[in-house]
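Colleague: In case you want the letters, here they are:
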Amino acid sequence: MTDTQIQAPPRPPAPAVTAPRPSARERGTRLLAALFLAPTIVGIVVFTVVPIVGSVVLSLFHWNVIDSPSFAGTANYREMFTDSTVLVSFRNTLVFMVFAVALQLLIALTLALAVNGRMPTWLRSVFRSAFFFPLVLSAASISVVMKYLFNQDFGVVNWLLGLIGIAPVPWLTSENSAMAAVVLVYVWQQFGFSFLLFVGGLNNIPKEIHEAAALDGATGLRKHLNVTLPLLSPTLLVASVVGIINALQVFEQPYVLTNGGPGDATRTVVMVIYESAFEQLRFGEASAVGVLLFVLIMAVTALQFRLSRRFVHYQ
Amino acid sequence: MTDPHLSRRTLLRYGAYGAGAAALAGTAASWDRLTGADIPGRDDGSLVVATLGPAYGPEAVRTLTEGFKKVHPDIKLRVNAVQAVDWSDFFAKILTQIAAGTAPDLVYVATEGVQLFAQRLGVALDHWVRRDAEELREYFADVHPSLVESMMYEGSLYQLPVEFNAADIYLNNQVLKRAGADFPAADWTRDDFTALLRDMKKASGSQFTPYFWTNRLWGGVVPWLFANDTNLLAESKAPGGSWLWDSFYPAAQRAGRGGGYRWTTPQATHDRVEEVYDYLASLIREDLCTRPEGGNGQNLIGVFSTGRVGVTPAGGFWAGGLNLAGMRPDGFDTQYFPRWRTQRMQFGAAGYALLRTSKRQEEAWEFIKYAARRDTLMRLFETNQTTPARRSMLTADRYRETGPKHWPVFYDTLDKFPDTGPIPAPPQVAEVEQVLLKHTGTALSSPRSVRPALRRMQRDLEKAMEREI
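Keeping their order, the protein sequence lines are chains A and B.
Counting from 774, one number per residue, gives the positions in the first sequence under my numbering.
Counting from 103, one number per residue, gives the positions in the second sequence under my numbering.
Among the clues, some could well be false.
Claimed, not checked - Okay, the calculated bits of chain A under chain B, using three or more residues with CB under 8 Å as the criterion:
| # | segment |
| --- | --- |
| 1 | 913–924 |
| 2 | 998–1004 |
| 3 | 1049–1056 |
Claimed, not checked - Computed far set for chain A versus chain B, every beta-carbon distance over 12 Å:
| # | residue |
| --- | --- |
| 4 | 851 |
| 5 | 871 |
| 6 | 876 |
| 7 | 979 |
| 8 | 993 |
| 9 | 1068 |
| 10 | 1070 |
Rather than coming from a laboratory, the hints here were simulated on the basis of the structure.
Using N, Cα and C, we set each Cβ at its ideal position, and we do this for glycine too.
Let the hints inform the model, and build the full structure from the sequences given.
Modeller: Structure representation (structure tokens):
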């Protein structure tokens, strides 16, 4: 059998694919963009990336500021997992996060819906400003004032409760009520941010959709549950992500109000980091706790985005 | 192919960019930029003294600086008043400065930090004290040896105390009158104290708290522990120190003195400690005192001066504080802490510690001597914001405008009770204090929680004391 296979003629070489050279204008634009971005990138690298890497490295050392650091391997991590104060602080922080974020979103959403209802424009502006105002104040200053208000013996809160016959509550000195007081103070200050997001989100929902829902007979709570909430879900995602990240880093309120007490009832992770590093000079252990908190925040945020695929509806 | 010719508009735009960049660069170059030399005290040849900001306002800083300049015009001085909530916060900030390579030469250190600084950061003053003994004789004659001993560590002296505050009892005279009670005797007992609280409660409304105290190392549980002849940590004296006692104090005053305090074995579960917590818990149950809050007692002046609190532990610093709050000199008075098993009382003192990293140690020593001079302290402590360490400064004239009537109590707490001692503050003080506050809060936050909380306190104290600083 002869070889009848016909050899394919050699292909002509493919013309070299080269990107068109950017024009001078494009190069200038790119350079300009890089120049504008540079301060931000430098800022993120210097103030975020380097400290994160530094913390990870420091978590592998014992360092008390006074002496040179000594390599500790994973000792700080092992110590952390056997330290009851650290473990309790993580539990407290998670409990705080759940209640604070839930309450914050609920109040903010309710008020946003109320403010978005029928009312004079000037009154709407007053409410918006009033609800946002606590957010611009210093958390430490607010906590100092709240400490007076929540004082068991001399506070205004208990005085008001006394007027309606309720016995004084040891808000800040009882293990049962201290966390509640811290959550209340935190939520009072923080809900303004979520409120503003929700107001913006509500304004972005086309009126026609509400009108169509009304024609179909959806009113009141049913309309909000079946129409408003799904359309507001992207905003809810943003508000909950920001809220959870902030709540996991809570420090000022428990530090000023209760100093973590009574006992460890309100001690949070960031408080433990501060106390270990700056009061007890255990910078390595503090860094190890910081690294774990960082991982926790990353994991929770990743989980939120994962779940958002199912629950968030984009128009 | 690109157009090699730039349009006029493009040319103008790039020209504007260039001009803007040049203008920015020129402006930046012409500005006075921050350099290492701009960090306070760095590289400018100054002797840097770090003080606790709230205790040293601008007026006090000016007094110190100008007065020192007159005596030592050749030494450039910079006083860095560090703002901090309390001593713990202050030390944290100083340590941060040290870590950053901008350590001051001198740091104002209270009892809480004396041993930490002495062990890790400070320079003993023994050599200079011996050298300038004649000059210092007048100082030591005026300062109680207990205060000096509290500034010693393992036989060496690290600070000259300039102020102190013992936990005495402040009483609101209006509340006493309302209760029909007499001013307590100097040797009053714990039972007298309890009876007085009950009388006060009976005579006042529900919005009244007979006894208010703050959960902290100074003036919290510790005065009660001392009164019950115990302590949080086993207390002993280091050997040594005779070089100082033999040189400056008569035999009667130097008896039993050593080389400074040692606080070692935790004893939170000892019977006497439990008794103290049981007693405080019983006062809470009877509604005679508050559940203690943490903090520095900043909200106390208001409620005491308006008669909503009858009794509280405080030091000489409160005379000035109550006066500033508008309280008349006869509106309050002071008595010793009540007797239980003993009438030993607690104090905290403060002075300047010289850091090892200082390159100006001779100049720093001159400042330490200057800061301990009587005329300096007279100018600094005009408003009775503290108790001067010098006995001769406590006079009727000083307390005429502020009160209290029984002002001699402040120094007699040392003179008449020579076993009165400093709050327990080993080098591990930060952790010890945190453990104390944490478990005290738990112990008194609910019924039947004293013993479990003290067991946890003991365990945590043992752990803290084992830790190397």
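Colleague: Minimum Cβ separation between residue 1070 of chain A and chain B greater than 12 Å?
Modeller: Non-interface label stands for residue 1070 of chain A: nearest chain B Cβ at 25 Å, farther than 12 Å.
Colleague: In terms of Cβ atoms, is chain B entirely out of 12 Å range of residue 871 of chain A?
Modeller: Its Cβ never comes within 12 Å of chain B, the nearest being 23 Å, so this holds.
Colleague: Please confirm whether residue 851 of chain A is truly not at the interface, meaning its C-beta sits more than 12 Å away from all C-beta atoms of chain B.
Modeller: Its Cβ never comes within 12 Å of chain B, the nearest being 15 Å, so this holds.
Colleague: Please check whether the beta-carbon of residue 876 of chain A is more than 12 Å away from every beta-carbon in chain B.
Modeller: holds, 24 Å
Colleague: The segment 1049–1056 of chain A covered by chain B? Criterion: 3 or more residues, Cβ-Cβ distance below 8 Å.
Modeller: Held - the segment 1049–1056 of chain A has 4 residues with a Cβ nearer than 8 Å to chain B, which meets the minimum of three.
Colleague: Three residues minimum, CB to CB under 8 Å: does the segment 913–924 of chain A make the cut for coverage by chain B? Let me know.
Modeller: holds (count 3)
Colleague: Does the claim that residue 1068 of chain A lies off the interface hold, with its Cβ farther than 12 Å from every Cβ of chain B?
Modeller: Holds: least Cβ distance 26 Å, greater than 12 Å.
Colleague: Was residue 979 of chain A rightly flagged as not at the interface, with every chain B Cβ beyond 12 Å?
Modeller: holds, 40 Å
Colleague: Counting residues of the segment 998–1004 of chain A whose CB is closer than 8 Å to a CB in chain B, do you get three or more?
Modeller: violated (count 0)
Colleague: For residue 993 of chain A, is the shortest beta carbon distance to chain B beyond 12 Å?
Modeller: holds, 45 Å
Taken one by one, the earlier hints fail for this structure only at number 2.
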